[in-house]
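Enquirer: Protein chains in written order, with the working numbering: chain A, 4 to 300; chain B, 4 to 300; chain C, 4 to 300; chain D, 4 to 300.
Hints are computed from structural coordinates only; laboratory data are not their basis.
Just to be clear, a hint being listed does not mean it is correct.
Just so you know, same-sequence chains aren't split out, so a pair can sit in one copy or run between any two.
[Stated by the list, open to error] Capping the alpha-carbon separation at 27 Å, the derived lysine-lysine pairs in BS3-like fashion look like this:
hint, residue 1, residue 2
1, Lys242, Lys105
2, Lys142, Lys196
3, Lys105, Lys196
4, Lys142, Lys5
5, Lys196, Lys242
6, Lys196, Lys229
7, Lys229, Lys105
8, Lys81, Lys105
Read off the chains here:
There are 4 protein chains.
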Amino acid sequence: MKVGFIGLGKMGFPMATNLLAAGHRVTVYNRTKSRADELAAQGAIVADNPEDCHDSLVVITMLSDDHAYEELLLSNNKLVDALLPKTIHLCMSTISVALSEKLAEVHAKADQIYVAAPVFGRPESASARKLLIVAAGPKNGIDSCSPLFEALARKTFVLGSTAAQANLVKLASNFLLFAMIETLGEAVAFARKTGLDPNEFVNIVTETIFDSGAHRVIGPMIAQAKYEPVAFPLSMVLKDVGLLLLAAEHAAVPMPVANVIHDQLSTAIARGYQNLDETALSRIAAENAGFFAKNEP
Amino acid sequence: MKVGFIGLGKMGFPMATNLLAAGHRVTVYNRTKSRADELAAQGAIVADNPEDCHDSLVVITMLSDDHAYEELLLSNNKLVDALLPKTIHLCMSTISVALSEKLAEVHAKADQIYVAAPVFGRPESASARKLLIVAAGPKNGIDSCSPLFEALARKTFVLGSTAAQANLVKLASNFLLFAMIETLGEAVAFARKTGLDPNEFVNIVTETIFDSGAHRVIGPMIAQAKYEPVAFPLSMVLKDVGLLLLAAEHAAVPMPVANVIHDQLSTAIARGYQNLDETALSRIAAENAGFFAKNEP
Amino acid sequence: MKVGFIGLGKMGFPMATNLLAAGHRVTVYNRTKSRADELAAQGAIVADNPEDCHDSLVVITMLSDDHAYEELLLSNNKLVDALLPKTIHLCMSTISVALSEKLAEVHAKADQIYVAAPVFGRPESASARKLLIVAAGPKNGIDSCSPLFEALARKTFVLGSTAAQANLVKLASNFLLFAMIETLGEAVAFARKTGLDPNEFVNIVTETIFDSGAHRVIGPMIAQAKYEPVAFPLSMVLKDVGLLLLAAEHAAVPMPVANVIHDQLSTAIARGYQNLDETALSRIAAENAGFFAKNEP
Amino acid sequence: MKVGFIGLGKMGFPMATNLLAAGHRVTVYNRTKSRADELAAQGAIVADNPEDCHDSLVVITMLSDDHAYEELLLSNNKLVDALLPKTIHLCMSTISVALSEKLAEVHAKADQIYVAAPVFGRPESASARKLLIVAAGPKNGIDSCSPLFEALARKTFVLGSTAAQANLVKLASNFLLFAMIETLGEAVAFARKTGLDPNEFVNIVTETIFDSGAHRVIGPMIAQAKYEPVAFPLSMVLKDVGLLLLAAEHAAVPMPVANVIHDQLSTAIARGYQNLDETALSRIAAENAGFFAKNEP
Chain A
4 MKVGFIGLGK MGFPMATNLL AAGHRVTVYN RTKSRADELA AQGAIVADNP
54 EDCHDSLVVI TMLSDDHAYE ELLLSNNKLV DALLPKTIHL CMSTISVALS
104 EKLAEVHAKA DQIYVAAPVF GRPESASARK LLIVAAGPKN GIDSCSPLFE
154 ALARKTFVLG STAAQANLVK LASNFLLFAM IETLGEAVAF ARKTGLDPNE
204 FVNIVTETIF DSGAHRVIGP MIAQAKYEPV AFPLSMVLKD VGLLLLAAEH
254 AAVPMPVANV IHDQLSTAIA RGYQNLDETA LSRIAAENAG FFAKNEP
Chain B
4 MKVGFIGLGK MGFPMATNLL AAGHRVTVYN RTKSRADELA AQGAIVADNP
54 EDCHDSLVVI TMLSDDHAYE ELLLSNNKLV DALLPKTIHL CMSTISVALS
104 EKLAEVHAKA DQIYVAAPVF GRPESASARK LLIVAAGPKN GIDSCSPLFE
154 ALARKTFVLG STAAQANLVK LASNFLLFAM IETLGEAVAF ARKTGLDPNE
204 FVNIVTETIF DSGAHRVIGP MIAQAKYEPV AFPLSMVLKD VGLLLLAAEH
254 AAVPMPVANV IHDQLSTAIA RGYQNLDETA LSRIAAENAG FFAKNEP
Chain C
4 MKVGFIGLGK MGFPMATNLL AAGHRVTVYN RTKSRADELA AQGAIVADNP
54 EDCHDSLVVI TMLSDDHAYE ELLLSNNKLV DALLPKTIHL CMSTISVALS
104 EKLAEVHAKA DQIYVAAPVF GRPESASARK LLIVAAGPKN GIDSCSPLFE
154 ALARKTFVLG STAAQANLVK LASNFLLFAM IETLGEAVAF ARKTGLDPNE
204 FVNIVTETIF DSGAHRVIGP MIAQAKYEPV AFPLSMVLKD VGLLLLAAEH
254 AAVPMPVANV IHDQLSTAIA RGYQNLDETA LSRIAAENAG FFAKNEP
Chain D
4 MKVGFIGLGK MGFPMATNLL AAGHRVTVYN RTKSRADELA AQGAIVADNP
54 EDCHDSLVVI TMLSDDHAYE ELLLSNNKLV DALLPKTIHL CMSTISVALS
104 EKLAEVHAKA DQIYVAAPVF GRPESASARK LLIVAAGPKN GIDSCSPLFE
154 ALARKTFVLG STAAQANLVK LASNFLLFAM IETLGEAVAF ARKTGLDPNE
204 FVNIVTETIF DSGAHRVIGP MIAQAKYEPV AFPLSMVLKD VGLLLLAAEH
254 AAVPMPVANV IHDQLSTAIA RGYQNLDETA LSRIAAENAG FFAKNEP
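From just these sequences and the hints, can you work out the full model?
Expert: Here you go:
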């Protein structure tokens, strides 16, 4: 299939690689062009502008945040104008509900199809084709994308025709993940300070009530105060929690635990931890209990 | 083994049953005696007073809270005085850290052995011998108890010689469970109010990031606002969170998520939900988002 | 002085009235024109469009929120284009820090002067010329506005030349007020439920530690669960707290009490209280403690 | 009047001094006897044991916490046994509601009278006879104490006959004070980080909405990060908030702002600030926003 791919970051790069490996014809664009050039050897066509993807059946976007979308795609409507009618914009980023609704609207006006399909998984999962996808949008759009989903993910959940619902699921799911990190962080700080061995405590927890994959990976990182490799930096966590709280405010849903996380993140950013991995959210609970001098690693 | 068993509630009754089935000679005591009589048919010796267990090698206690221990065992020191030196008191309840330390002290003075071994699991797990046990105390005491652990649980984690450490692990683990319920409750309220199907949302969550047994059992109950069968009532959840927060205050560990849970529980109690299952903690997040008229079931 | 006045709501109307009474020549604009017409008898010139204020030395704006500013003034840049160089835009609303910075920028480009001067006080204070003003912006702009400040307020605090600082002070001060309402709400709920007389409790508090005017006015309203007259509706409180939290997120400042307030407000909105007075924030604490059936007055 | 006075701490010492100055015959007891000896020159009779106050009409107690009461007065019931029938125990400390109820009960059994009358004010106010008193208990007891109240305070509020109500008012009022400190702390941290001058901000606040005496004293201390003189150390603040939360849990009243304060206090204690003044509660908000290296003064 003729596919455009805009945004070759930590997630986008391995995803585009997998599409090429699956035999699709992929035109790639990245702001820092050298990153796109690396994919030329694998058969990618390198574009100078996002608009150069205009002859694709599906244009995938994987940009970092709302701001990047505003700047690259919406200002002056360049991408929308460049695309042919019936082209599908498959947006796989975690963006705001409001932006997703706006994209659905502008593409509909241009007789184009907008599908939101944010992904779950760290960069390693992207490489290993083990992402999980939650997709929503017009049925024909989703159907057309299914060969792409197959090349990228181990499973895709399809919701209804309102694209923004996929973004809502993504924001709420990410919240559950961050809440797990915060909660484990508090429990481990408590354990550590009352004389328990943090590793032993986490081991008991993951062998008893919480035997999920996420707990088994993240639990030991928290117990060992290990915040790398950086799969998802705290600055991005703050972005996601901010988007969740905006959507929650709009819907009049109080979310006290999300607010606790937001406060801890503000403290983390104030202390300069924005580039540490999401597991470093747990560090604030530890510091507030008196552990780790501020300027330690 | 000659075993005494004090406290035949929802958990204690099936546990004592399993000990009898495993061939132990069990003397049982319960405040409401009829409950003890039910076990006579299975070979239990029914005691009129807790002290009548004095010829046991191990006396297991499974009372509901600190208050019951104070009243039944510590006031006038009756149980301690009745037991022979070297007898083991195996306390399997979730009690306060302070009480556990006090029990360790009074038994040590009487040359008796105190082992704390709180259990994880609902009544069904107790019946099915699938409890998990976290035990701490003097090594010889724990070794002597191991045939009992085998008759009761599918796995036992052994910590060091300070009995109260087992209680700390229990309190911290329960906190993780309640935090999961609160967090899922907030996320489901958000999903419901933004137009998602709560069951579909929970299904995605448990098939992706959180595939633990606890999530698979509790998630659908929250999505369906189903708070029975009552495995662990909210009044007991409040007790446990209260014990955690006391221990955390003592250790100077801030636990903001535990405080959120405590507040939601106070609201739940104020609304008369004390006898609903722990999953009803999630109901407060739902009500605060505008769902469920207050006086509905 | 030739003054333009855009926005004749609960606050704007009495303010414009006072300017007329002080002898200024005021051109007024309001979206619902009949409201402007009421001022014609007092000598106001009624404008059909905001741009018709273009021959004023100072144009005062008193619109409800950022959105109104975006729509009325910034889209297509109409107001800015209509105003002459050196004209002063005196913005007296509580708007976001980001919008205030943007207004400063666009006016500077057009060689116009932007002054931010949000006001403290309820509509009665506006009528009685007892507002308090916090002003920031270029010194010459503020100096030119001083006769207007005199006609409107009992005192004006002048900050430095960065206009947005006045907005920051306003947001932080409003937070203190809302926090006082929430805190008193919690304390009164506690008093009521433990058998104290709420009025007696509030009386003791305001005669001892908290004898400020705000406490003396608001305390009894909370004790009596009285949420009118509506000086400032909960929907506007939510707007202000939202602006504060955005600015706090931007500056990486955790504000846990502001988050508590935000959650209570979400619950209040979910229960349909958006048009009640700000004192109704205290109602959520009362309801969560088990008082007041949901649909009572 | 023949008065006994037990507990000559920061508050008790100037209070006993005022009673002597007013012409009462005061028998004083203090654990560290030298402190009592200092009052001998002013006419006090120095007792070796609390029980030596037995010939007083009124015995005032001013001990630091519940624990001191348990140890000194209740264990073995020594004080109660020593006092004659009809003697009044006037308890002026901030103690738990539960302890106050227990004292009322034991004194009633001994045909003695128990009055709870906690005080508002810092040590300087005690010296200057400017305390405020909230008293509750049997009417005849309160009437008999009125000459003492006059010698100690500038005003006394009398509640009904249930002594513990005075303690409830005290706990709830202290909460309002601590909440004011926390809230101002957050607002000042926000102001500081967004470039405002903290002193200017506090000045505006105290000249506009919050002109109470408490705000005028405490506001500048927070703006200047000044935590002395130590009128009321953070360790005592934690004690009081703990008592409030216990009473709130018992009454099923959620108090989210009280929980925020409790968390901040835990952090403060974990960082070694227990002996700083209550105003240092505001320091945690500042530190969490990135101000003040951890080990600065």
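Enquirer: Between the shortest in-copy and the shortest cross-copy C-alpha distance, which are at most 27 Å for Lys196 and Lys229: within, between, both, or neither?
Expert: Within one copy only: 18 Å inside, 30 Å across.
Enquirer: If the cut is 27 Å between Cα atoms, do Lys105 and Lys196 qualify within a copy, between copies, both or neither?
Expert: between (49 Å within a copy, 20 Å between copies)
Enquirer: For Lys196 and Lys242, with the copy left unspecified, which applies at a CA distance of at most 27 Å: within, between, both, or neither?
Expert: between (31 Å within a copy, 20 Å between copies)
Enquirer: Reference check for the pair Lys242 and Lys105, CA-CA at most 27 Å: within, between, both, or neither?
Expert: both (19 Å within a copy, 22 Å between copies)
Enquirer: Up to 27 Å between alpha-carbons, please classify Lys142 paired with Lys5: within, between, both or neither.
Expert: Result: close within a single copy only, 19 Å intra versus 60 Å inter.
Enquirer: Given a CA cutoff of 27 Å, do Lys229 and Lys105 count as a within-copy pair, a between-copy pair, both, or neither?
Expert: For Lys229 and Lys105, the Cα distance exceeds 27 Å both inside one copy (39 Å) and across copies (37 Å).
Enquirer: Classify it for me, Lys142 with Lys196: is the Cα-Cα distance of at most 27 Å met within a copy, between copies, both or neither?
Expert: Only across copies: Lys142 and Lys196 sit 24 Å apart there, 53 Å inside one copy, limit 27 Å.
Enquirer: Within a copy, between copies, both or neither: which one fits Lys81 and Lys105 at a CA-CA cutoff of 27 Å?
Expert: Both: 15 Å inside a chain and 25 Å across chains, each within 27 Å.
Consistency note: the structure conflicts with earlier hint 7 alone.
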